[in-house]
Structure formats: C-alpha cells, structure tokens
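Peer 1: Residue numbers (my numbering), protein chains in the order written: chain X, 1 to 566; chain A, 1 to 246.
Some clues are possibly wrong.
[What the hints assert, rightly or not] Listed next, the in silico DSSO-like pairs over lysine-lysine satisfying Cα-Cα at most 30 Å (straight line): (1) A/LYS177 - A/LYS112; (2) A/LYS88 - X/LYS559; (3) A/LYS88 - X/LYS288; (4) X/LYS559 - X/LYS479; (5) A/LYS88 - X/LYS479; (6) X/LYS61 - X/LYS259; (7) X/LYS61 - X/LYS73.
I should point out that these hints are in silico values taken from the structure, not numbers from a laboratory.
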Amino acid sequence: MNGLCADIGMLLWPRLLPVLRRGRSRSSRGGGTRLAVLGGVGAAFWCGLFTVAWRVLRYFKGIEDIGDILAFKLLSMILIVCFALLLFSSILTCLSTLYLSRDLLLVHSTPVASHRVFLARWIDSTADSGWMVILFTLPVFLAYGIVFAAGPGYYAATLLSLIVLAASASALSALGVMAGVMLVPAGRMRSIVVILGVLLFVTLYLAIRLSRPEQLVNPEVFDTVMAYVASLQAPVSPLLPSTWAYDSIQSALAGFTAKSLFHTALGASFAVTLICVLTLAADALYFKGFSRTQTASVRLIRRDGISERLFRFLPGPARSFTVKEIKTFLRDQTQWSQLFLIAALVVIYIYNFAALPLERSPIQTAYLQNLLSFLNMALALFVLAAVTARFAYPAVSLEREAFWLVKTSPVSLRTFLRIKFFIYYLPLLVLTEVLIVATNLLLQVTPLMMALSTVTVFFVVPGIVAMGIGLGAAFPDFKAENPAQAVTSFGGLVFMIACALYIGVVVLLEAGPVYWIFMADLHGSALSPAVRLWAASSFAAAFALSILAVVLPLRFGEKRLSRMTI
Amino acid sequence: MIELTQLTKSYNGFTAVDRLTLRVGQGEIFGFIGPNGAGKTTTIKMLGGVLAPTSGSVAVGGIDLQAEPERAKRKIGFIPDRPYLYEKLTGLEFLRFTADIYGVPVSEFQPKATATLEMFGLSDWSNELIESYSHGMKQRLIMASAVLHDPEVLIVDEPMVGLDPLAIIMVKKLFRKLAADGVTIFMSTHTLTVAEDICDRIGIITRGRLIADGTAADLRREANATEADLEQVFLNLTTNGPVAES
Numbered sequence: 001m002n003g004l005c006a007d008i009g010m011l012l013w014p015r016l017l018p019v020l021r022r023g024r025s026r027s028s029r030g031g032g033t034r035l036a037v038l039g040g041v042g043a044a045f046w047c048g049l050f051t052v053a054w055r056v057l058r059y060f061k062g063i064e065d066i067g068d069i070l071a072f073k074l075l076s077m078i079l080i081v082c083f084a085l086l087l088f089s090s091i092l093t094c095l096s097t098l099y100l101s102r103d104l105l106l107v108h109s110t111p112v113a114s115h116r117v118f119l120a121r122w123i124d125s126t127a128d129s130g131w132m133v134i135l136f137t138l139p140v141f142l143a144y145g146i147v148f149a150a151g152p153g154y155y156a157a158t159l160l161s162l163i164v165l166a167a168s169a170s171a172l173s174a175l176g177v178m179a180g181v182m183l184v185p186a187g188r189m190r191s192i193v194v195i196l197g198v199l200l201f202v203t204l205y206l207a208i209r210l211s212r213p214e215q216l217v218n219p220e221v222f223d224t225v226m227a228y229v230a231s232l233q234a235p236v237s238p239l240l241p242s243t244w245a246y247d248s249i250q251s252a253l254a255g256f257t258a259k260s261l262f263h264t265a266l267g268a269s270f271a272v273t274l275i276c277v278l279t280l281a282a283d284a285l286y287f288k289g290f291s292r293t294q295t296a297s298v299r300l301i302r303r304d305g306i307s308e309r310l311f312r313f314l315p316g317p318a319r320s321f322t323v324k325e326i327k328t329f330l331r332d333q334t335q336w337s338q339l340f341l342i343a344a345l346v347v348i349y350i351y352n353f354a355a356l357p358l359e360r361s362p363i364q365t366a367y368l369q370n371l372l373s374f375l376n377m378a379l380a381l382f383v384l385a386a387v388t389a390r391f392a393y394p395a396v397s398l399e400r401e402a403f404w405l406v407k408t409s410p411v412s413l414r415t416f417l418r419i420k421f422f423i424y425y426l427p428l429l430v431l432t433e434v435l436i437v438a439t440n441l442l443l444q445v446t447p448l449m450m451a452l453s454t455v456t457v458f459f460v461v462p463g464i465v466a467m468g469i470g471l472g473a474a475f476p477d478f479k480a481e482n483p484a485q486a487v488t489s490f491g492g493l494v495f496m497i498a499c500a501l502y503i504g505v506v507v508l509l510e511a512g513p514v515y516w517i518f519m520a521d522l523h524g525s526a527l528s529p530a531v532r533l534w535a536a537s538s539f540a541a542a543f544a545l546s547i548l549a550v551v552l553p554l555r556f557g558e559k560r561l562s563r564m565t566i
Numbered sequence: 001m002i003e004l005t006q007l008t009k010s011y012n013g014f015t016a017v018d019r020l021t022l023r024v025g026q027g028e029i030f031g032f033i034g035p036n037g038a039g040k041t042t043t044i045k046m047l048g049g050v051l052a053p054t055s056g057s058v059a060v061g062g063i064d065l066q067a068e069p070e071r072a073k074r075k076i077g078f079i080p081d082r083p084y085l086y087e088k089l090t091g092l093e094f095l096r097f098t099a100d101i102y103g104v105p106v107s108e109f110q111p112k113a114t115a116t117l118e119m120f121g122l123s124d125w126s127n128e129l130i131e132s133y134s135h136g137m138k139q140r141l142i143m144a145s146a147v148l149h150d151p152e153v154l155i156v157d158e159p160m161v162g163l164d165p166l167a168i169i170m171v172k173k174l175f176r177k178l179a180a181d182g183v184t185i186f187m188s189t190h191t192l193t194v195a196e197d198i199c200d201r202i203g204i205i206t207r208g209r210l211i212a213d214g215t216a217a218d219l220r221r222e223a224n225a226t227e228a229d230l231e232q233v234f235l236n237l238t239t240n241g242p243v244a245e246s
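For reference, chain A alone in the conformation it holds in the complex:
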C-alpha cells in the first residue's frame, strides 16, 4: 500500500533521509521510531506530499506521489505533530472544509461529521471557534478531519502528543479498528510503548537511515536483547547499530 524506494532528502549538503526503501502492506500499522533529528518527520512530510524528495519515490496504493500528487493524496489522511488549523473556523466548519476538499458527498457529510465529532469527544465544541480549543482538542480535531473521508492510508506524526489518557486509549482502539478495516497506518512516535502496543511492524531510523525493521520480537533478536523492553532494544540499536558504528 505504501512503497518507499531509495527515498532521499538533502538540505544544503545535509542528508536528512538517506536512500530509505520500505514497503507497508494494506491494513498494517507501521511504527517509525528514532532519536530526535533522525529523519522521522522529514520522511512523514515526504509521505504526506508536504515535502518533495531529493531523489527516490513514494507510491501510495500504487500511485506515484510525485507523478500524480492529487490522486495519491486523495487516498491519504495526514495528521501532523503540530495542530496548526484555521483558527477562525469552528470545528464543524473545519470538518466541512476538509470534506469539500476531499470530495465527501454533501449528503454524507452531516451524519459522518456528527459521528466523528462524537467519537473524538468534540460534539459540545463543534460550533466554537478553533482558536478557543486546547492543544489536545485541536489534535483531536485534526484526527477527526483526517479520517472523515475514509482514507486508505493514514500518515501520522507523533499521534499521542497533547492527548489525555482517555483520548490515547480511544486513538489506539481507533487505529486498530481502522487497520482491521484495511487502512494502512504509517506513524512516527517517540513513545515506545505506543509503538509496541499497536504496531504490527516497527522501523528504527537514525541519521536518516533505516537500521532495523520488523516486529518487536524481531527487533529484540536483532539487538541481542530477547528479554529486554523496547526501550533497551532502541538504545542498543541506535547507539551501537550498524550506522552508529560507521
């Protein structure tokens, strides 16, 4: 469903993402973890079509994101780590805005919006201006807008930042349900427990290069830490991994 081929991004001679090749299948939840500045957000931005790669390609559902960006983006729901929104719209108006952009039929909008707002606990706030929302509420609204058009792929950067424990549980359940329904989820996170809890597969990136990729058990084996928690595995791989050594 998502295919990254030799994906590279360089800025002024600095390579943020280095020849990343990866495939995430339909209905799979892929967790992308790595230290600060490893290239996670750059990768996520290239996947969302926010940033053009220096070389390599991204394909979503078989559609090349560079060649046919509009067609590919129609399949994507994008959730950034920072909830910048149109502050002078209400929550409901913002959902209508995204629904119109993604071509959600007018007749389907109202029931979908009501259900989604209810699911994200925003019903009581739907007619308030976004500028009066808290950080967590804005994050929830972005999630609501990202799933409103039934995307085939969900690209998520740090999904749990700013969310309260109840919302975190809800989001975890939602992601699992979406994956069960065939939605592919590509998420970056710093929270290793979240990655371990919901991801089918985890990739570890450091200095722009993918140094490990597999299930949590695979990663433990690779890090020679079969009994350790993911945090220890992460430390072993990112401080002694092949790239770190070179």
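Bound conformation, chain X alone:
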C-alpha cells in the first residue's frame, strides 16, 4: 500500500508542480494581474450565482404548500445535471489524461505498473473534470443552507456528497473510456464523444425550446401547470448516484444527520467499489488500449481537391493559408460539433422571434416590433462575439508549434493576420446578416429598421472579427493541447470585454437618433436640423469607431506577435 501511494504521489507530483509554481517561472511573470482579473471575474460570477439561487429559493420558500417541493425538485434537478456534466467532462478528460497526453510516453517508460500509472492519471483526471463543477455549484448549495437555516452538518454532507459524486462519475467514465478505446482509437473516440454529446445537447435543447415552456405562465394552460406540479413529487430513479447525493443533502437540510450519513455512505461505498473494479480492469486493459492509441489514425475522407480549385483566383500566400485553414478545420472532427451547435443556435434564435406573442402586448405593435429589431441587432452582435470567440479568436493559436512556418515565410505578420481576418470575416458576416434579416422579416419591421440593422451589422462585424484575430494574436497559446479553449484565457476575457464595450457604445450612439428618425418616419413628420446633425455625428462616430476596431486590434496583435519568441 505504501509503495502504491508513493508511486501515485511520484506520478502526480510533476502535474502538481506547475500549479504550485505558477508565477515563479520566467515565462509566467506578470501573470499576477491576469490571475487577479480572472479571479475577480470568477468571484463575481460565483456571487451572481449565489444571489440568483438565494432569491429563487427565498421565493420558493414563500410559496405555501408547494414551495419546499419546488426547492427540493430543483435540488434534485441540479444534482442530476451535475452528475451528467461530471460524466461528460470526465469522458473527455479521461481520454486526454489517460490516452492522449504528450507526457504519457515518458510516464509509461518508467518502471511503474500500468495500473498505478492509471490510478495516478485517473486521480488527476477526476480533479481536472470535477473542480469547476463543484466550485460553481457550491454557491447554490450555500444558498440552500442559508434559506433552509441548515446546521454545519449540512455543509459537510454536501461537500462530501459532491466529492463522492465526482469520483463515481469519473470512475464510470473511465470504465466506459477504457472499454471504448479497445474498440475505437482514443483520438477518434474523443471526436465521436464530442459530436454525440453536442448532438444530444442540441436535441434536448431543441426539444425543450420547441415545446414552448413560456406557455407555462399563460393562464389558459394553467391546468397543465397543476398537472406538472403534481408530477414534481414523483420519485427519481433510486439507482442513480445523484439520487443518493440528493437524499444525503436533503436529509442534512432537514436536520436528519443519521439518514444523511447513511446516504453519503451508500454513495461512498459505490465509489470505492467502482475504484476497485476500475483498478482491476486497468491492470488488464489500460496498457493495451494505450498501445492501440499509438497506432497511426486513418483518414476518413480521401478525395478533396475542391478548396484548391475554389480559391485558385487568390494570390499565392492568401490561397495557401485559406486552403490550409479550411482543410485543417474540416479534418478535425472535434470542430464539426461546433458547426452543429451553430446550426442549432441559428434555428433557436430565429424560432424565438417567430414565437414572440407580440399581439398580446399592451405596447403599440409597430413601435414594439421596431424596438425589438433594434435590440435584436445588439443581441445578434453578442451572438457573433461568442461565435468569433470560439472560431476566430483561437485562429492564430491553432497554428500551434508550426507557427515557425509563418515566421520564416516571406509573408509579413500583417499580411498573415489580414488573411486570417478575411478567412473568418466572410462566413461570420453571412451568419450575422442571416440572423438579422430573418428575424427582421419575422418581426415585419419597417424598411428603415431593416436598412439600419443590416448596415450597422455590416460595419460592426469586421470590428468584432478583427478584435478576435488581433487579440488572439496578442495572447496566443501555441503549446496548448486544445487551442480552441484559448478563449477561456486572459486574452479571451479581454476580447469578450472589448466586444461588449464596442457593441454597447455603437448601440448607445445609434439609439437616440434612431428613435427620433423612427418616430418621424412613423408619424410622417420631418426631422429637425438638430436631430439631423445629431444623427449624422452619431453615425459618423459609430463608423469611425468601427474603423478603429478593425485597425487597432490587428496592429496590437501584430506588434505583440512579432515580439514573441518561439
């Protein structure tokens, strides 16, 4: 047992050291500010979650008869979602940590038994997949404790139950992954899991959205709500680890310590049993699966010369980077899932406008439709910012360690960034214009609003894409195992804040003049010279800002990238 613990400790130590030494290495100096900003945003999000949860639970508590039922149902749903999230994120981290990490070749060459290597990596993976879910559900459980005036036993039981839940989910995922890798190579399996996960999410989301949950607040369907409340009391499956966690937390909330301990022990015994089974299975299967991962992957689709033919008209460097970017994107199956997500996003976005009950609004319909159209412009631009964050922001980081090819090529960094900009600008412009035009058609807005929103979007999209490319170049991570996650870094945060500010300022600049122009248009009256001047200067300022939003981030990115040592 001592040997086992020593081996596991030894294998975990190099993974732990970078976390402990953060900020002390030469490369991470100056990271204190980043850490403070990220910590601040995390803390604000944590506090926000707590506030929302506290207010909702206090509201529930105030409802006679069904208040507690609703609160406990919510708790049960939170735990099921937590368990599902833990399962899914564990599958991905298990695949990476156990089969795909770059340091595995070195680790497997050490004189340590493969099941010990497995256990060390599994602990690493469990911590990796679980910490964020646990950290960001804690405010909700804290709110439960405060609203239900629970004792210290509740907090201990909750923390223990969440850790047990994370361990069970991770062990189940590891078992599944180990079996799966024997059938499909790990690299391919990750793609399959991501695609299936996204498809499942999209299907569920579409199903929930298309069932029009907003009708639950419509008095005409109140009978349905009562039937729903009755169904709340139906028990969930007693075989789910999330149910044991729920039973434990709910008992602790109600002050039944012994009952809570029993359910925690039930969950813990399941987790320990799973870990024993996992260790036995790892001894037999882990190394075989890892060996299979070392074999070369086979291309799924072989015939593709379309990109070269399609972009033959472009000059050499632009053609080479465009073709490379498209091929790399299409051949990375994990990227496909993002396309499904975007398709679902577009459908839901447009459907939301089709389902708006404008006719029941007490506000004048024409005014409301055009007000919504204006707000929709801002909303569509925020959607664009999110999509840009996922695709354009990591574009430079996605060059990975092959970035030396760009640095040694006779193409300047300015040209390189401009090529990247245009590769993403065109599809993102089309996406945003489709969103705007389709929703405006559904809202039946005036030609003035249609023109205003399409033109505004036309001028704002380049700014957002340029900020994505420029800030992505200013804060690149060429060594990340998954550069697509670069957006969760400090630079990604700067990008999102910059986008929010930019969109906010443009909307504010346009809001006043647009209101007066719209009202004059609606009443058929002429605009006063003062309003004309105001409108002209506002639109000119928005236009100037859009030009700066293109030029400045690209220059900033170029400057930072040229100073970077690779």
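Please build the complex by placing chain A on the supplied structure of chain X, with the hints as guidance.
Peer 2: Quick look at chain A alone, frame taken from chain X:
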C-alpha cells in the same frame, strides 16, 4: 551571401549570442558547432527571421533581414531541428502550401513536388496526413519543402536528427550538390563527423561567442592538435579556448 555583423541576442540580462560577426560566401557550406546552450539555435533562428536580434544585423544576398524581411526570406530555405508541421495536411498538400507562399509557379509545382518527394523517399506517403508520419519522415518533408522553391541560402538546424542512415547519406549528397550549384548552406550540428564530412568551413561557438572559424585543418592548428580528430579539437577549444579561460 550571408553576413552577420555584431549580431547579439540577450534575454533578461543573459546574452545568448554575443557580437557575432561572420561571412559565408556563395556555394559554401558552413558548419556551426558548439556545446549545448552555446547559442547555435538562437543564431539559426535569427538567421531564419524567427527571432529578432537585440542588436547587430543579418544580411542575406545583400538584403538586410530586419529592413526587408520578406525579400530576404524569399531567398531562404529554413529547416528547424524539430519538425512541427500542419498535421492535418497531407505531405503533398504541405508542399503545395509552401510552394504557394514562396511563389512557385503553379505549372512548375507538380513536377517539382513529384521529384522532391521521390528524392526524399516520401512518394508513397504523399497523400497521407502528416500526423501519421514518423519523426524522420516529417524531418524529410521539411527538407523537401525547404528546397522546393530553389532557395539561394539554406539555414539548417541539426539536419541529421531523426534521419535513418540512408537518409543521412542522401542529405549529405544533396547538400554537396546544392553547394556546387551555388546554394549557401549554414548548418548547426552536434555531429562532428557530419561537419567534417561536408562543411567547407566550421565555426565553433561557446557562450554566445565565436571562438574559432576555419577549415577542419585550420581548427586543428588553432587547437594545437594537428593529428587529433575534430572531437578532440572541439574539446580543446571549448574547454580551454579564449572565452572559456576568461
């Protein structure tokens, strides 16, 4: 063809390359040797335009690399020591990518690519994704892409790392042929026999400073080891040389 003038690179107070002045003529193969951390790769990176010098200059074919980087890089073929490539492209697609960047005419690409892939023994793998290549195959592909646009200067960092003996022989022959055709080759290496076999001139760098420069015979004389092999000369110069003593 290559001219380094007072080339210096410092990082956080540490001088990796210290006032390096050197000239390599057309068609010459210059070998750059030195112990680990001596400044070889830093020099190579500055020559390739990957790294900006702290001071001093690099001129390639009379073109200042800092002043006109794109023009200068058009003349260079760069081969790094680690073969990082776009893993989701095939070998042939990667060659097309570099050909487009360096402006190889479309009509010339196919015959050139076929010949180059054949020369580097990659014909059978040309339509496979690079992610399925071995380390040595990736290294060969980088070499193929570096010579595809007929560079006037070849900058090579550790050319033989990861190559099998057959490929090493082929690369040595290729370098000699390229030099005979007027291509200037600047290569760093740890393999002293390679340096002795193919280099016209060898420079020894230690602690960022060039401590010796000349033919293998010149270096032997300088190290007072006329009968010794290059390994002994290297040891004499790097452990007792003027910089080591200071």
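Peer 1: Which of the listed hints are broken here?
Peer 2: none
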